[in-house]
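First to last, the protein sequences are chains A and B. According to our numbering, the first sequence is numbered sequentially starting from 1. According to our numbering, the second sequence is numbered sequentially starting from 1.
Treat the hints as calculated values from the structure; they're not laboratory data. Hints may contain errors.
Given that identical chains are not distinguished, each listed pair holds provided it fits within a single copy or across any two copies.
[Said to hold, decoys possible] Once the Cα atoms are required to be at most 30 Å apart in a straight line, the calculated BS3-like pairs of lysine-lysine come out as:
1. Lys361 with Lys399
2. Lys319 with Lys373
3. Lys341 with Lys57
4. Lys252 with Lys108
5. Lys361 with Lys3
6. Lys3 with Lys439
7. Lys3 with Lys319
8. Lys107 with Lys416
9. Lys361 with Lys373
10. Lys373 with Lys252
11. Lys108 with Lys83
12. Lys3 with Lys57
13. Lys342 with Lys108
14. Lys252 with Lys361
15. Lys401 with Lys523
16. Lys342 with Lys107
17. Lys341 with Lys107
18. Lys361 with Lys108
There are 2 protein chains.
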Amino acid sequence: MTKPTEGRRRVIIEGVEPQVDSGRFPAKRVVGDRVTVEADIFTDGHDRISAVLLFQKEGEEGWNEVPMVPLDNDRWEGSFALKELGRSVFTIEAWVDHYLTWHGDLKKRVAAGQDVTLQLVIGARMIASATSRAEGSDRASLLEAARLLESDASIESRLERVYREDLLALMTRNADRSMATRFSRELTIVADPPRARYSTWYEMFPRSAGAPGTHGTFRDVEARLSYVAGMGFDVLYLPPIHPIGMAFRKGKNNSTTSQPGEPGSPWAIGGADGGHTTIHAELGTMDDFSHLVRAAAERGMDVALDIAFQVSPDHPWVKEHPEWFLMRPDGTIQYAENPPKKYEDIYPFNFETEDWEELWKSLCDVFLFWVDKGVRIFRVDNPHTKALPFWEWAIGEIKAKHPEAIFLAEAFTRPKVMYYLAKAGFTQSYTYFAWRNAKWDLTEYFTELNEPPVRDFFRPNVWPNTPDILTEQLQYGSRPAFMCRLVLAGTLSASYGIYGPAYELGEHVARHHGSEEYMDSEKYEIRQWDLDNPDSLRDFIARVNRIRRQNPALQSDHSLRFHETSNEQILCYSKNTEDHANVIVTFVNLDFHNTQTGFADLDLEALGLRPDQTFQVHDLLSDARYTWHGPRTFVELNPHIVPTHIFSIQRERRTEKDYEATI
Amino acid sequence: MTKPTEGRRRVIIEGVEPQVDSGRFPAKRVVGDRVTVEADIFTDGHDRISAVLLFQKEGEEGWNEVPMVPLDNDRWEGSFALKELGRSVFTIEAWVDHYLTWHGDLKKRVAAGQDVTLQLVIGARMIASATSRAEGSDRASLLEAARLLESDASIESRLERVYREDLLALMTRNADRSMATRFSRELTIVADPPRARYSTWYEMFPRSAGAPGTHGTFRDVEARLSYVAGMGFDVLYLPPIHPIGMAFRKGKNNSTTSQPGEPGSPWAIGGADGGHTTIHAELGTMDDFSHLVRAAAERGMDVALDIAFQVSPDHPWVKEHPEWFLMRPDGTIQYAENPPKKYEDIYPFNFETEDWEELWKSLCDVFLFWVDKGVRIFRVDNPHTKALPFWEWAIGEIKAKHPEAIFLAEAFTRPKVMYYLAKAGFTQSYTYFAWRNAKWDLTEYFTELNEPPVRDFFRPNVWPNTPDILTEQLQYGSRPAFMCRLVLAGTLSASYGIYGPAYELGEHVARHHGSEEYMDSEKYEIRQWDLDNPDSLRDFIARVNRIRRQNPALQSDHSLRFHETSNEQILCYSKNTEDHANVIVTFVNLDFHNTQTGFADLDLEALGLRPDQTFQVHDLLSDARYTWHGPRTFVELNPHIVPTHIFSIQRERRTEKDYEATI
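Build out the structure end to end from the sequences listed, making use of the hints.
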C-alpha cells in the first residue's frame, strides 16, 4: 500500500478567485483597490471551520492575515487592500475549529435542556490546551477560563463565561492550526497605477503639428498640449519618433516608391542617425523630448511612446547584429512577408536566433532607455508577431523595477493570442471594438470582456479609429457616427482613445472603397489640420471626457450591464460604482441615419433602485432631466439632433414625504 | 536582469480539455471510449504549427503519439482509445513547423507568379537538415529530395517533388522538435468498467426475502434473482450484511428501545460475532454469500454491498482499537450526535486519531476483503461524514489493484462536498433527483450535471426512492407518480436504482405527515411483500429497463438536451448516440393528477434531423407511431392512461422518393 501523507488535514480549499489559469498568471487590479478573495472551503461532517486569507507583497517575508467569512453554500470571502504598486501574493489557510463547533453545539444542548456538565469539562480541556499556544494576557485569561469551566461553580456562571465574547476571540486567536490546510498555490495580484484602468488617449503625428510646409517638432506638439488637454485627454500617444529608413522608403498612400523629400513611415525604424533609442532629427533633440514630457505632466498628461520591434534595412542593428535576422541562402536578410505580399522596407527580428538572449536583453533595454527619459506608458506595435514568451519576461523585468509602467498591446489578431498577451503582462489591450457595431455583437463582446476570467487579466482600450483603421461606419456614417462611436468608446470602456485630429475633424475618406486605410494617410506624409474648423467635435469630445472624469462609474469596467430594449438599433447599458452612489445609464442610437424610438426595460436592481422607486435621470450631454418610475422607459433618439443620452441617475429625489416632518 | 529560460519555444498550449481542477483529479471515462482531447495551441505571427497528443497507461514507459488537427480559432483536437481499465495519462506537444509554413507559402508564391528559385533552395536545406534526424529509407528519400530541390532540374519538376504527398509525410515524421513546447502538466483519465456509466440498481433487504415469519437468507435472495433480473436490473444492492449490535438497538419505526426478538438496523454494525468482514449469522454463511454472488453473475448481475464506516458499541473494534474513537473526559466513547440529537447505538470513527494510518488501512482492508469474495461494486454509506482525504487514498489504493471496482457515494449533502467526493474517486454519486420535481429544477439540475467540468468527474445515479427517502411526490402522487418518477430516473440518467419491492408495489405511507421515512420501515423490521400483487409495476419497470437496454442513447448522459415546451407541466428531453443512429425523445407529464397538453419545440439539430425532414416517432412504451415534420409538435399526456412517452426517432422513413429508381 502507498503510505498516505498527513491524513488529518480534513479541510478542502478549492475554487479560489481571482485566479487566472490556475495561478499561472497574475490577476490585475490597481493600487488602492481592495482585493476580494473567494473560495470553496469545506470539510466532512458538521464541524465548524475557521479560515484566514494570507497575503504579502511579492518577495517580502511573513504573511499578513485576515479572517475569511462564510457566504453561502460553502463559499467564503476575505479581502485585503493593495496599498502599493507591484505584485502581491495571497493564499488561504483553513482548519476544523473544534472549539467553535463545541461552542455552537453547546447552545443547542442548553436550549434542549440537556445536562452539559460533561460538555463544560470538554470545553475546559480545549481551553487549557490553547494556553500552550498563547502568551501573556491571553494565556492568563485562558487559564482562568479553563479553571472556571472545570470548577464547582454553577452551570449558569460557567455558561456565562463561555458565552462572553472575549473567550471566543481568545480561542480564535490561539486556535489549534496544527492540522490546518494551506491552499496548494500562492496566487499573484498585480497592482497597477490607476491610469491602467482609466485612461483617455489621444494619438497624433508630431510631424503634422508644425506650420504649413514645415516638419512639425516636439515644440509644436508642446504648443498643442493645451488643445489636447482641453479635450480631456490624459495620455498623448506619439507614433515612433526614431530615424526613418531610406531603403525601400514608402511614398504617399503606401506607394512602394517614394519621391525625394517624402518623409516615409515612422514605423520603418532606423537610419544612419540611429535606431530605437535615437530621435528623428527633424522632431528635435532629446532635450526637446524631455521638455515635452515635463510640459505634458504639468497638464496631468502622460506621453506614451510607440515601440515597434522591427527595423528598416538602414537600422544600425542590421550591421551590428546580423545574427538577429534571418539570413537567406543568397546572403540577403529576409524582409517582412505575408506571402505573396512583400514588405521590403522592414526586417523582422528572428526570435529563434541562437543569440536570442542578447536580442531579448537589447529589446528590453529599449523600454528601459525611455523609462529613464520619463516615459511610463508604451503602446507596443504588433506584439503578436514577436515571440510570446519574450513579452512575459520583458514586461516582468521592467515592472519589477518600474511597477508604474503601462503597456498597451496593439494586437489585432485572433482572440486567444490577444488574451494571451494580456495574461503575459500587457496592462491594456486593443480590442475588436472598431468592428463591433450591432447591438448583439457589442453586447456579446463587452459582456465577454467583463466576465471572469477575462476581466481579471484583460483591460480593453477601445479605439473608434486609428491611423490604420477608418471603419466603414465612419466612412459613411457622417457626424452622428463620429459622435456615437465616441460615446460608445468612452462609456463602454474606462480606457479609450482616438487618432486625432482626424477624429474630431471628421476625416472619413478612405483610399478606396472597401479599404480601411485613410486617403492621404499621415503614415506616409505630413498633413495639415484645421483645428478651428467650426464642425470640429472638439467641444463634444471635451464634454464626454468631462462626464467621464466627473463620474467614477465610468472609470472602471466590471459593473457594465446591458439592459433590454425593444429596438435592435437602440443600445442601453449602465455602469455604477460599487456603492451605487454614481450610476450612469447610456443610450445610443446605432442607426446613424434615422430616428429610432423604443422602450428599455431597465434592470433596476443593477442600478441600485427599488422596483417602486421614483427617480430622476439627468442627461449629462443635453442637461435635460426626466422623472422615471419602474423599469420600463421610452426613448427617442434622432441622430441629427441627439443620437445618444448619458444619464446620471439621481436616487435622492426629494418628494413631499421629505417635508412631512416640517409641515 | 533575470536570465530567461529557453525563449525559443514559441508555441503556447493552454485550455486543455478534459481537465478537472487543473489536472488535480482524473477525468472519468469507461473502457472502450475514445478520449477526445482539445486544446488552444498557438504561436506568434503566421507560422504553421504541428501538434501531437501523447498518451500512455499510468506507470508505463514511453508515450504513444497521435497527430492533433486544428479545428477553428486556434482550437486543436486529437483522440485516443482507452483499451484497458485503469488510469492513463496524456499531454500535448506542439512546435512551430517551419517546413509546413514554407510548404504552404510556396504555393502562394507560385500562384502569384513569383520566382521561387531561392525558396526551393531554402526548402532543400530544411530537408537536408531533416536527414540528420531520419533513419533508413526516410533518410534516403530525404537526401534524394534535398538534392533534387537544389539541383538544376526544372522548377516544375522540383515543385512536383515538393508537392508529392510522401515528402510532407516524411518531413512531418522527421520534424525538428528541438524547440517544441510540452504542455506543463500530465493529465489523468480513468477508464472504468462500462457499468460505471450505465447501470440499473435494485436495492432489497435480504432478511425480508424469506417465507412469512422467517428471517430471510442469502438462499432466499438467490431464489428471487430471476424476479429481479426479469425486471432488467443488473446490480443487486444489499444493505449491510454484518452482525447487528445489541446495545441501544433500535426498535420498529426507529424506536430508541427495542423489544426482544426485534432485528435492529443493519447499519448498527458489529456484534459478538464480528464486524465489517463478518456475515450476520441469520443470513447464512460466507459460502452462501459467494454462491449468491456467482448465481447473480450467471444472470448478468453484480451484487453490490453497502459499506457503512460506523460501529455499534458491540463491534469488536471498540475493544480492539479504542483509540479509533473519540474518548470523552468521563472515559466513555463519544456516540454519534447532531446536537441536540443523539444516536447512542452508533459510534463514529475519529478520523483525527493519532492512529489514523492504521485506521485508514483497516477500513481500506474491508473493501479488499469483499473484493476477494467477488464483490466489485460498493455503495458507501454517508462518505461525507468521513475525512475526505481518506476516500481519495482508499479508492486510489483499491482501484490500482482492482480497476474494475465501482464505488457509489451515498452522500446527500451540500453540493460542493458531493462534487468533491466524486473528484476524489467515487465512480457514481447519489443526487438531489428525489427532490427535483418541477420542470425548471429538473432542467437546471440535469443541465449542470452534464456540462463540463461536472460531467467529467460526477456520474449521477438517481433514485426515486430509498429506504430513507419516500418523497412527498410518491406519498401523494399515486401510481402515475411511481411511473413518471421511474421514467424520469431511467431516461434522464444512465444509472438509476429503486428500493424494492417497496417501489414496484407502490408503498407510499410515511411514518407521519411531513416525514420522508417509510411507515414500518424495513430498516428496523422484517417485512413481507406480495410480489404477485396485480397492481405491481413489475412489467412496466421491465419494459422501461428493456428500452434502456435496447437503446444505447439512454446508456450515457452527456448528450442529454432539454427541449422547449409550452406547458410548465410537460418536460421534454432527448438523448442520442454520437452518430445519431439512436435518438430517444422523452415526454413526461409532471402533473400526476391531470391531463396536460402542449407543444414542444424540438431542437432538430440536436436530434440529427434537418429542418425540412419528415420523420417517424415510435413510442417504445405504447408502441404507437406518429409521423412528424418540423420542430413543433403537439402532445397530450393523461396521467391515468399514459403519463409519459419514450419516443425513438426513425430517421430512415421511406418515402415515394425511395422508390423512384425502381418505378
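Evaluation of the provided hints:
no., hint, in the structure
1, Lys361 with Lys399, "within (15 Å within a copy, 51 Å between copies)"
2, Lys319 with Lys373, "within (26 Å within a copy, 80 Å between copies)"
3, Lys341 with Lys57, "neither (49 Å within a copy, 48 Å between copies)"
4, Lys252 with Lys108, "between (85 Å within a copy, 28 Å between copies)"
5, Lys361 with Lys3, "between (48 Å within a copy, 9 Å between copies)"
6, Lys3 with Lys439, "neither (59 Å within a copy, 48 Å between copies)"
7, Lys3 with Lys319, "between (63 Å within a copy, 26 Å between copies)"
8, Lys107 with Lys416, "between (55 Å within a copy, 27 Å between copies)"
9, Lys361 with Lys373, "within (19 Å within a copy, 67 Å between copies)"
10, Lys373 with Lys252, "neither (32 Å within a copy, 88 Å between copies)"
11, Lys108 with Lys83, "neither (43 Å within a copy, 55 Å between copies)"
12, Lys3 with Lys57, "between (37 Å within a copy, 22 Å between copies)"
13, Lys342 with Lys108, "between (81 Å within a copy, 12 Å between copies)"
14, Lys252 with Lys361, "neither (35 Å within a copy, 81 Å between copies)"
15, Lys401 with Lys523, "neither (34 Å within a copy, 70 Å between copies)"
16, Lys342 with Lys107, "between (81 Å within a copy, 15 Å between copies)"
17, Lys341 with Lys107, "between (80 Å within a copy, 13 Å between copies)"
18, Lys361 with Lys108, "neither (67 Å within a copy, 35 Å between copies)"
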